[in-house]
Amino acid sequence: MLDIWKGVESLLDSYAEIHKEDFVAILYTSDAFESAAWVSAALEHRGIAYVRVWMTPIEDPDFESRLLKALPAPSELRRRLVLLSFERDTMSHTTSVLRAMGNYPPDNVVSLRAISAGPELFSVGLLPTPKELESRNTYLLERIIKAKSLRITTPSGSDFTVDLESSRHRWISNRGKIKPGGTVILPAGEVATYPVSVEGHFVADFAYNINTITENDVRLGGAPIRLDLKDGQIIEYACDNKEILSFIDTALATAFSHRVGELGFGTNFAVKTAIPLNSHVNERCPGVHLGLGQHNQDRSVVEYQCPIHLDLIANGGLVWADGEFVVDLADIPPSSNPHPSFTTDEDVFSPESSDDCCGLMRQCDVMADAVGAR
Amino acid sequence: MNEAELKVLIGRVTESVVSEVKRSEAERGISIAELRDHATELGGGKLPSAWKISYDTSGNLVGNAMGPAAWKISYDTSGKALLPGDGVK
Numbered sequence: 005m006l007d008i009w010k011g012v013e014s015l016l017d018s019y020a021e022i023h024k025e026d027f028v029a030i031l032y033t034s035d036a037f038e039s040a041a042w043v044s045a046a047l048e049h050r051g052i053a054y055v056r057v058w059m060t061p062i063e064d065p066d067f068e069s070r071l072l073k074a075l076p077a078p079s080e081l082r083r084r085l086v087l088l089s090f091e092r093d094t095m096s097h098t099t100s101v102l103r104a105m106g107n108y109p110p111d112n113v114v115s116l117r118a119i120s121a122g123p124e125l126f127s128v129g130l131l132p133t134p135k136e137l138e139s140r141n142t143y144l145l146e147r148i149i150k151a152k153s154l155r156i157t158t159p160s161g162s163d164f165t166v167d168l169e170s171s172r173h174r175w176i177s178n179r180g181k182i183k184p185g186g187t188v189i190l191p192a193g194e195v196a197t198y199p200v201s202v203e204g205h206f207v208a209d210f211a212y213n214i215n216t217i218t219e220n221d222v223r224l225g226g227a228p229i230r231l232d233l234k235d236g237q238i239i240e241y242a243c244d245n246k247e248i249l250s251f252i253d254t255a256l257a258t259a260f261s262h263r264v265g266e267l268g269f270g271t272n273f274a275v276k277t278a279i280p281l282n283s284h285v286n287e288r289c290p291g292v293h294l295g296l297g298q299h300n301q302d303r304s305v306v307e308y309q310c311p312i313h314l315d316l317i318a319n320g321g322l323v324w325a326d327g328e329f330v331v332d333l334a335d336i337p338p339s340s341n342p343h344p345s346f347t348t349d350e351d352v353f354s355p356e357s358s359d360d361c362c363g364l365m366r367q368c369d370v371m372a373d374a375v376g377a378r
Numbered sequence: 111m112n113e114a115e116l117k118v119l120i121g122r123v124t125e126s127v128v129s130e131v132k133r134s135e136a137e138r139g140i141s142i143a144e145l146r147d148h149a150t151e152l153g154g155g156k157l158p159s160a161w162k163i164s165y166d167t168s169g170n171l172v173g174n175a176m177g178p179a180a181w182k183i184s185y186d187t188s189g190k191a192l193l194p195g196d197g198v199k
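Keeping their order, the protein sequence lines are chains A and B. Under our numbering, the residue at position 10 of the first sequence is numbered 14, and the numbers go up by one with no gaps. Under our numbering, the residue at position 68 of the second sequence is numbered 178, and the numbers go up by one with no gaps.
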């Protein structure tokens, strides 16, 4: 309980930067009622005004009207409106939340949305501060964003190369840092991009994370998933656990799911042990993951679409950029430099959302300048 | 606040949240969530970790034609920014 409470306080102090004159709206689904209760208790203890808005996941025709009814008028705000949302398996109603936020000046509203809400979100995922995560994301980005090719090995036996084209494909840097008018996805701690090509052998020994609801135990320590990759696609896969293998068979039966749509590096150093739940906490573990299926780029840049996104996660790893060793993923030191300005912040949205989901400016042109592509 | 006081506070607030969930679901005639009453005496300060909410979302489980996605990772930014008063433009 005290570990969870520490995470609740970190959420309020380090992530939301809560102030006693803020007004907080807690949005939650039934499967995240505990998270809503813990945060409500903390706000009550601090004497901070708040309201709770229950929601059904994915589809809730009345949600937006209930949300608007619960929120104060902009003129009634003493300082900021802080939206905190908690869902265990889903990320819902992005568009409705954005529309509600649009009624307030950007400086006076911020949204922090937690997926995989549960005890481990607080007792593990929220313990590192955004500043600590940002400094580690920076260290990684400084060393790999201009590389044309990466070689990655892992203790589990992976050895593969990745071709990059950072002038064309954006980098996502998820680090929990709020910006006025914007949305932060929690738990935080990852940098990711789209790999032009992947070749070699990948062994996922930590966990998997998939964007459908599953009650499976997702841990892979006892039976890693082994992939052979060529031209950015899986050509062969294996696992000694029949149930896991059957699950992967089902996931990979979807069109385009054999394609590697994401190269990701977790940077949340508090994540040391995989949890059995299908959870983003696992995905943020210090190491490397390949996202099969849906990619993280604009449709105009990478055309294919896939309903499945399956992250296969390996613990730790070593990275070489254009032949030079750059980092041990299990021990990423903090950088003292400012975080690059040419990344996109967030990576998860509700299935219906198609437009600018986080209220962010497009920065691809800035990124192209930064990597010297033009 | 010591741990005992914390448990009392959380127990009381959790009872309130659980009531809210039940009421909300009942109002909508929804039975997609089933509270498992491992901890029936909320006022006794039992730790919330003894409870589990489960969804009966059989249409969404992998193996059933992969159902609707729970979240997605793609997005389509088009230079839009959040502007005051006008919503997303």
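Careful: at least some of the hints might be erroneous.
Below, simulated DSS-like cross-link-like pairs (lysine-lysine); rule was C-alpha separation at most 25 angstroms, straight line [what the hints assert, rightly or not]:
no. : chain 1 : residue 1 : chain 2 : residue 2
1   : A       : LYS181    : A       : LYS24
2   : A       : LYS135    : A       : LYS150
3   : B       : LYS132    : A       : LYS73
4   : A       : LYS152    : A       : LYS234
5   : A       : LYS24     : A       : LYS10
6   : A       : LYS135    : A       : LYS24
7   : A       : LYS150    : A       : LYS181
8   : A       : LYS24     : B       : LYS117
9   : A       : LYS10     : B       : LYS117
Now the in silico label distances, taken between C-beta atoms and shown as ranges [claimed, not checked]:
no. : chain 1 : residue 1 : chain 2 : residue 2 : range
10  : B       : LYS132    : A       : THR165    : 47 to 55 angstroms
11  : B       : SER129    : A       : THR165    : 54 to 62 angstroms
12  : B       : GLY139    : A       : THR277    : 20 to 28 angstroms
13  : A       : THR165    : B       : GLU115    : 52 to 60 angstroms
14  : B       : GLU115    : A       : LYS234    : 18 to 26 angstroms
15  : B       : LYS132    : A       : SER250    : 35 to 43 angstroms
16  : A       : ALA334    : B       : SER129    : 41 to 49 angstroms
17  : B       : ASN112    : A       : THR99     : 37 to 45 angstroms
18  : A       : GLU219    : B       : GLY139    : 18 to 26 angstroms
I should point out that these hints are in silico values taken from the structure, not numbers from a laboratory. Every residue, glycine too, gets a C-beta built ideally from N, C-alpha and C.
For each hint, the structure was consulted:
{"no.": "1", "hint": "A/LYS181 / A/LYS24", "verdict": "holds (20 angstroms)"}
{"no.": "2", "hint": "A/LYS135 / A/LYS150", "verdict": "holds (23 angstroms)"}
{"no.": "3", "hint": "B/LYS132 / A/LYS73", "verdict": "holds (20 angstroms)"}
{"no.": "4", "hint": "A/LYS152 / A/LYS234", "verdict": "holds (17 angstroms)"}
{"no.": "5", "hint": "A/LYS24 / A/LYS10", "verdict": "holds (19 angstroms)"}
{"no.": "6", "hint": "A/LYS135 / A/LYS24", "verdict": "holds (22 angstroms)"}
{"no.": "7", "hint": "A/LYS150 / A/LYS181", "verdict": "holds (24 angstroms)"}
{"no.": "8", "hint": "A/LYS24 / B/LYS117", "verdict": "holds (23 angstroms)"}
{"no.": "9", "hint": "A/LYS10 / B/LYS117", "verdict": "holds (14 angstroms)"}
{"no.": "10", "hint": "B/LYS132 / A/THR165: 47 to 55 angstroms", "verdict": "holds (54 angstroms)"}
{"no.": "11", "hint": "B/SER129 / A/THR165: 54 to 62 angstroms", "verdict": "holds (56 angstroms)"}
{"no.": "12", "hint": "B/GLY139 / A/THR277: 20 to 28 angstroms", "verdict": "violated (41 angstroms)"}
{"no.": "13", "hint": "A/THR165 / B/GLU115: 52 to 60 angstroms", "verdict": "holds (56 angstroms)"}
{"no.": "14", "hint": "B/GLU115 / A/LYS234: 18 to 26 angstroms", "verdict": "violated (60 angstroms)"}
{"no.": "15", "hint": "B/LYS132 / A/SER250: 35 to 43 angstroms", "verdict": "holds (36 angstroms)"}
{"no.": "16", "hint": "A/ALA334 / B/SER129: 41 to 49 angstroms", "verdict": "holds (45 angstroms)"}
{"no.": "17", "hint": "B/ASN112 / A/THR99: 37 to 45 angstroms", "verdict": "holds (44 angstroms)"}
{"no.": "18", "hint": "A/GLU219 / B/GLY139: 18 to 26 angstroms", "verdict": "holds (25 angstroms)"}
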